[in-house]
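2 protein chains.
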Amino acid sequence: MKDILIGVDIGGTAIKIGKFDLQGELLHKWEIPTDRTDKGSRILSDVHRSITEQTDWDDVRGIGFGVPGPVVDSVVLACVNLGWKHVDVAKEFSALLGRADVFVRASNDANVACSGEVFRGAAVGKKNVAMFTLGTGVGGGIMVDGTLVDGKNGAGGELGHLVVDFDHRLPCNCGKHGCLETVASATGIVNLAKLHLSQSDRESSLRHFSDFSAKRVFDCAKAGDGIAMRVVDEAADYLGRVTAGVMLSLNPEIVVFGGGVANAGRFLLDRIAIKADEYSAPFAKDTPIVGALLGNDAGIYGAAYLVR
Amino acid sequence: MKDILIGVDIGGTAIKIGKFDLQGELLHKWEIPTDRTDKGSRILSDVHRSITEQTDWDDVRGIGFGVPGPVVDSVVLACVNLGWKHVDVAKEFSALLGRADVFVRASNDANVACSGEVFRGAAVGKKNVAMFTLGTGVGGGIMVDGTLVDGKNGAGGELGHLVVDFDHRLPCNCGKHGCLETVASATGIVNLAKLHLSQSDRESSLRHFSDFSAKRVFDCAKAGDGIAMRVVDEAADYLGRVTAGVMLSLNPEIVVFGGGVANAGRFLLDRIAIKADEYSAPFAKDTPIVGALLGNDAGIYGAAYLVR
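Order-wise, the sequence lines are chains Y and R.
Residue 175 in our numbering sits at position 175 of the first sequence, and the numbers go up by one each step.
Residue 1124 in our numbering sits at position 124 of the second sequence, and the numbers go up by one each step.
These aren't lab readings, by the way, just hints derived from the structure by calculation.
Among these hints, one or two may not hold up.
Straight-line distance between alpha carbons at most 20 angstroms, and here's what the computed SDA-like set of lysine to any residue pairs gives [stated by the list, open to error]: (1) R:K1127 with Y:V80; (2) Y:K127 with R:I1274; (3) R:K1275 with Y:L170; (4) Y:K152 with R:D1286; (5) Y:K152 with R:D1046; (6) R:K1152 with Y:N153; (7) R:K1285 with Y:V80; (8) R:K1285 with Y:N173; (9) Y:K285 with R:N1153; (10) R:K1152 with Y:H86; (11) Y:K152 with R:F1166; (12) R:K1126 with Y:V124; (13) R:K1152 with Y:V124; (14) Y:K152 with R:K1127; (15) Y:K152 with R:D1277; (16) Y:K127 with R:F1283; (17) Y:K285 with R:G1175; (18) R:K1152 with Y:V72; (19) R:K1275 with Y:K127; (20) Y:K127 with R:N1153; (21) R:K1285 with Y:V124; (22) R:K1194 with R:K1152.
Next comes chain Y alone, as it looks inside the complex:
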């Protein structure tokens, strides 16, 4: 009886593996290190070996992978973090399995975070969903009618790289300036705060730290610090613009925010919601803006969802 789904979240340092029943109940999870030597050529066989030790493949309906790079039709186009160039995950893993009765699928890691929240998180029961992951960078995932949008070049859901800031124009890792990621990721919020501190003489508790995190900026804002508050409002405004853009193009049932920055909770989400509503009125109404629920496990849940 094929009643097991496997979800694999491949990161630059560790690979998370989860074993689920068909309803998405997590039965067991574990991690193995990511072997990036030899252009990551041993990653898939390491995953195969580790799962084989713990699972009878006869029971497995399918295995899904989340990968930190662009993916089209389960083919990874490039993945700098793993050393991968063109890797046909479905084909290569099926060859390792040596059997055709196990589905193999792959998608981008930010996309599978979205499908994870749909499977067992903040967006259960929804089929049209947008998700932002506000971490070191800003990732995004888009689901339309129950299917993740990979896009022609695997750029579907790359919401972090919409250019939104035409004033500060902070440089982005992607080569552009003013991307959402430069002002709304954990790094971006710190940079925005440093910018405001340098451009003003106003007292701020942030000045008492030689360095600080995005969490510190939120904590200070919650305590009433003027500069920190301005940074949070500005980040929320940019996030609201992109959220409104998603609402006016896809008009999803729900928008989910995950990643470390979203731990700021309703303090941030309510501000994003107000701006998103302002920029999308009167068309896209009553779209819930919610926090993600699965934390770092979203990837394994979402990867398993690919083969549910």
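Given the coordinates of chain Y, assemble chain R onto it according to the supplied hints.
Same frame as chain Y, but now just chain R:
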């Protein structure tokens, strides 16, 4: 043999009706006036009567409608131009037909312009498409995996109402300021030109006209007029931003521009493409940006596509 599709494009003054074979070949088209009296209550029966005069319903596989308002699951939520509030087109037209063997579907008019271009126009064979209709306003349509995205409130594809202009902030009919429509529709381009003329003493051939059209602005720009050129570049920049946003969220196979403003041809489209590439690099590459081919017939083609 059910080998006929009917496409109906309901406008505020006229209703266009097209009869197609299953491959989307237009066999016959005609128009009837739109009777907006009594809250548009006779519109569907007028359509039914007109088609019945020309067609044996036994031959008809389905009938699709394009309607100028938000539509969800073939239910029109509101349509000011027709006097409609909540109208369940599928249910009401099926009742008029008195038979269950003819599919009835409806979607927004800008959405069906998109599916029309997919059926027989500039995007034939594509399943993931974004279309902008640059007319008096700016409409949009999004297709994902062969299906139009209506969205939760029927706001799917409302690309004209993304806020893009945080400088001039021209008022929009929707109640917001700075929507794409305020700077990139035919009206918007004229307003942008008048704004630039009023803010500068620079000579411009546009000053020789007491009033002018968007086409005039393009003609002057093509002839080298500096102010007209600046207006075109600015409109292309705004269109490029939203196009890049669509590319980074959905990464479609092709982006189509229709409507009167798109008649400016490659002079406009090339400028949009350069900006879209600049704002989406390096993620969404090689996305063709093309002009629509079906003109005012896109609606009937696209409505027929809904029931193909």
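The hints, checked one at a time:
Note on R:K1127 and Y:V80: the hinted pairing is violated, with a Cα-Cα distance of about 30 angstroms set against a maximum of 20 angstroms. For the given pair, Y:K127 sits about 34 angstroms from R:I1274 by alpha-carbon distance, which is inconsistent with the 20 angstroms threshold. Under the criterion of a C-alpha separation no larger than 20 angstroms, the hint pairing R:K1275 with Y:L170 is consistent with the structure, at around 19 angstroms. Proposed proximity of Y:K152 and R:D1286 is supported: the alpha carbons are some 9 angstroms apart, at most 20 angstroms.
Note on Y:K152 and R:D1046: the hinted pairing is violated, with a Cα-Cα distance of about 43 angstroms set against a maximum of 20 angstroms. At roughly 27 angstroms between alpha-carbon atoms, R:K1152 and Y:N153 are farther apart than 20 angstroms, so this suggested pair is violated. The hinted pair formed by R:K1285 and Y:V80 meets the criterion: a straight-line CA distance of about 18 angstroms does not exceed 20 angstroms. Between R:K1285 and Y:N173 the CA atoms are separated by roughly 17 angstroms; this keeps the pair inside 20 angstroms, and the hint holds.
Taking the CA atoms of Y:K285 and R:N1153, the gap is near 7 angstroms; set against the 20 angstroms cutoff, the hint holds. The suggested pairing of R:K1152 with Y:H86 is violated, with an alpha-carbon distance near 37 angstroms, which exceeds 20 angstroms. For the suggested pair Y:K152 and R:F1166, the alpha carbons sit about 31 angstroms apart, so the restraint of at most 20 angstroms is broken. Taking the CA atoms of R:K1126 and Y:V124, the gap is about 30 angstroms. The hint is violated against a cut of 20 angstroms.
With a C-alpha separation of about 16 angstroms, the suggested pair R:K1152 and Y:V124 falls inside the 20 angstroms cut-off, and the hint holds. Proximity of Y:K152 to R:K1127 is assessed by CA-CA distance (about 11 angstroms); at most 20 angstroms being required, the pair is judged to hold. About 15 angstroms separates the Cα atoms of Y:K152 and R:D1277, which keeps this hinted pair within 20 angstroms; it holds. Proximity of Y:K127 to R:F1283 is assessed by CA-CA distance (about 25 angstroms); at most 20 angstroms being required, the pair is judged violated.
Taking the CA atoms of Y:K285 and R:G1175, the gap is about 14 angstroms. The hint holds against a cut of 20 angstroms. This hinted pair does not check out: R:K1152 and Y:V72 have alpha carbons roughly 27 angstroms apart, beyond 20 angstroms. Taken as a hint, the R:K1275 and Y:K127 pair is broken in the structure, with Cα atoms around 32 angstroms apart against an allowance of 20 angstroms. The straight-line distance between the Cα atoms of Y:K127 and R:N1153 is roughly 14 angstroms, inside the 20 angstroms bound, and the hint therefore holds.
A hinted pair counts as satisfied when its Cα atoms are at most 20 angstroms apart, and R:K1285 with Y:V124 does not qualify at roughly 33 angstroms. Proposed proximity of R:K1194 and R:K1152 is contradicted: the alpha carbons are some 37 angstroms apart, above 20 angstroms.
In the structure shown, a violation is registered for the earlier hints numbered 1, 2, 5, 6, 10, 11, 12, 16, 18, 19, 21, 22, in ascending order.
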